[in-house]
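Residues per chain, in single letters:
There are 2 protein chains.
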Amino acid sequence: MKRITLLLIAVAALVGIVASIAPTRGRADGEAAPTFVTQIPPGYRDWRLISVAHEEGNLNSFAAVLGNDVAVKAYREGTLPFPDGTIIAALHYSHVSSAENDKVFGRAQSFVPGSPTNIQFMVKDSTKYAATGGWGFAHFKDGKPGDEAFMKTCFPCHEKAQGSDLVFTHYAP
Amino acid sequence: MKRITLLLIAVAALVGIVASIAPTRGRADGEAAPTFVTQIPPGYRDWRLISVAHEEGNLNSFAAVLGNDVAVKAYREGTLPFPDGTIIAALHYSHVSSAENDKVFGRAQSFVPGSPTNIQFMVKDSTKYAATGGWGFAHFKDGKPGDEAFMKTCFPCHEKAQGSDLVFTHYAP
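Quick note, the sequences are listed as chains H and Y, same order. Per this note's numbering, the very first residue in the first sequence carries number 12; after that it's consecutive. Per this note's numbering, the very first residue in the second sequence carries number 12; after that it's consecutive.
Misleading hints may appear alongside valid ones.
[Stated by the list, open to error] Heads up, simulated DSS-like pairs for lysine-lysine below, C-alpha to C-alpha not over 30 angstroms straight-line:
# : chain 1 : residue 1 : chain 2 : residue 2
1 : H       : K171      : Y       : K114
2 : H       : K114      : Y       : K152
3 : H       : K152      : Y       : K152
4 : Y       : K114      : H       : K114
5 : Y       : K163      : H       : K84
6 : H       : K114      : Y       : K84
[What the hints assert, rightly or not] Only some residues are given here: those of chain Y computed to face chain H with a beta carbon under 8 angstroms:
#  : residue
7  : I51
8  : Y55
9  : D57
10 : G68
11 : L77
12 : A172
13 : P184
[Unchecked claim] Computed Cβ-Cβ distance ranges for the label pairs, DEER-style:
#  : chain 1 : residue 1 : chain 2 : residue 2 : range
14 : H       : D113      : Y       : T164      : 17 to 23 angstroms
15 : H       : P92       : Y       : N71       : 32 to 38 angstroms
16 : Y       : K114      : H       : D80       : 17 to 23 angstroms
17 : H       : P127      : Y       : A172      : 19 to 25 angstroms
18 : Y       : K114      : H       : P92       : 17 to 23 angstroms
19 : H       : G174      : Y       : G68       : 30 to 36 angstroms
20 : Y       : A119      : H       : A141      : 31 to 37 angstroms
Quick caveat, the hints were computed from the structure, so don't treat them as lab data. The beta-carbon is built from N, C-alpha and C at its ideal position, and this holds for glycine as well.
Taking the hints into account, I'd like the entire structure generated from these sequences.
Here is the structure:
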């Protein structure tokens, strides 16, 4: 029964993803509007681990990077570019010291995830997202997608990671 | 077919785990020897994410903490103590700066997992591991289990986390 439930969840997830990448309306000038992912891919919190990350500075973030089955398979087999259907999720939290752990260790050394800050996704569809290297970008803060001005900043930065199909995160064994 | 394969993997994992927690021989003085987990639970790299962690100082480590299905269910439902069958895995890596990412960001701020340093597990079996709070501890470096002297250091430290059934890691949403 559990397997069937999982299958149903997977199908529901797929339907959700397909729905979330429906085309945006064309612009009056005939040029297609930049397309971003505006719905959270269902089930992402159950995906497998790709790696972890930490950014200092203004971001001060702690990340867990997860991937759907297509993503994890591609990472493990070293497939580049990532195939269509790949979805990579970055779960970001604030990077906070753990007074609770430090007390046990007897010194300040332990950092853990604080409040969730945002969740970001990269969805590979080489046709739909051809204008942004085949990747649809997504950013959700408190469940709400980033606005267009913000979303336009994703691609120019990721574009610099040419050697790894615009993906910064490497697979942690 | 894929579901059946997964089921077979799960069964194989279970058999492996049961094999790995077979009792150690009793001591000549009649006192049971401390029991540690000496085999890596199969399939752990496919388990779901519990959280991430970072230790500064001598450890300088980056961790991804994963859990088997029993563990993740218990975490999500807030079940304490953790039920028998719970296995928590801590995948440790060195915490290194990423020159590759820093170049893109234009400043030193990015940290990623370096080489794997060790993998640790906590296996809940309230009968078998009654002497150590119901938890069997495991530590593997390059695939080899820690020696008894090292393994004896696990419980005294974890014992201090009484409020969370000897587990330091909290669930990251």
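Verification of the hints:
1. H:K171 x Y:K114: holds, 10 angstroms
2. H:K114 x Y:K152: Distance of about 27 angstroms is within 30 angstroms: holds.
3. H:K152 x Y:K152: violated, 38 angstroms
4. Y:K114 x H:K114: Violated - the C-alpha atoms of H:K114 and Y:K114 are around 37 angstroms apart, more than 30 angstroms.
5. Y:K163 x H:K84: Violated. Y:K163 to H:K84 sits at ~38 angstroms, over the 30 angstroms cutoff.
6. H:K114 x Y:K84: Given that 30 angstroms is the threshold and the Cα spacing comes to 28 angstroms, the pair holds.
7. I51: violated, 13 angstroms
8. Y55: violated, 10 angstroms
9. D57: holds, 6 angstroms
10. G68: Holds, because the Cβ-Cβ distance from Y:G68 to chain H comes to roughly 4 angstroms (cut-off 8 angstroms).
11. L77: holds, 6 angstroms
12. A172: holds, 7 angstroms
13. P184: holds, 6 angstroms
14. H:D113 x Y:T164: 17 to 23 angstroms: holds, 18 angstroms
15. H:P92 x Y:N71: 32 to 38 angstroms: holds, 34 angstroms
16. Y:K114 x H:D80: 17 to 23 angstroms: violated, 31 angstroms
17. H:P127 x Y:A172: 19 to 25 angstroms: holds, 23 angstroms
18. Y:K114 x H:P92: 17 to 23 angstroms: For H:P92 against Y:K114, whose Cβ atoms are near 21 angstroms apart, the range 17 to 23 angstroms holds.
19. H:G174 x Y:G68: 30 to 36 angstroms: Given a distance of about 33 angstroms, which is inside 30 to 36 angstroms, the answer is holds.
20. Y:A119 x H:A141: 31 to 37 angstroms: Distance hint for Y:A119, H:A141 holds at roughly 34 angstroms.
This entry does not satisfy hints 3, 4, 5, 7, 8 and 16, going by the numbered hints stated previously.
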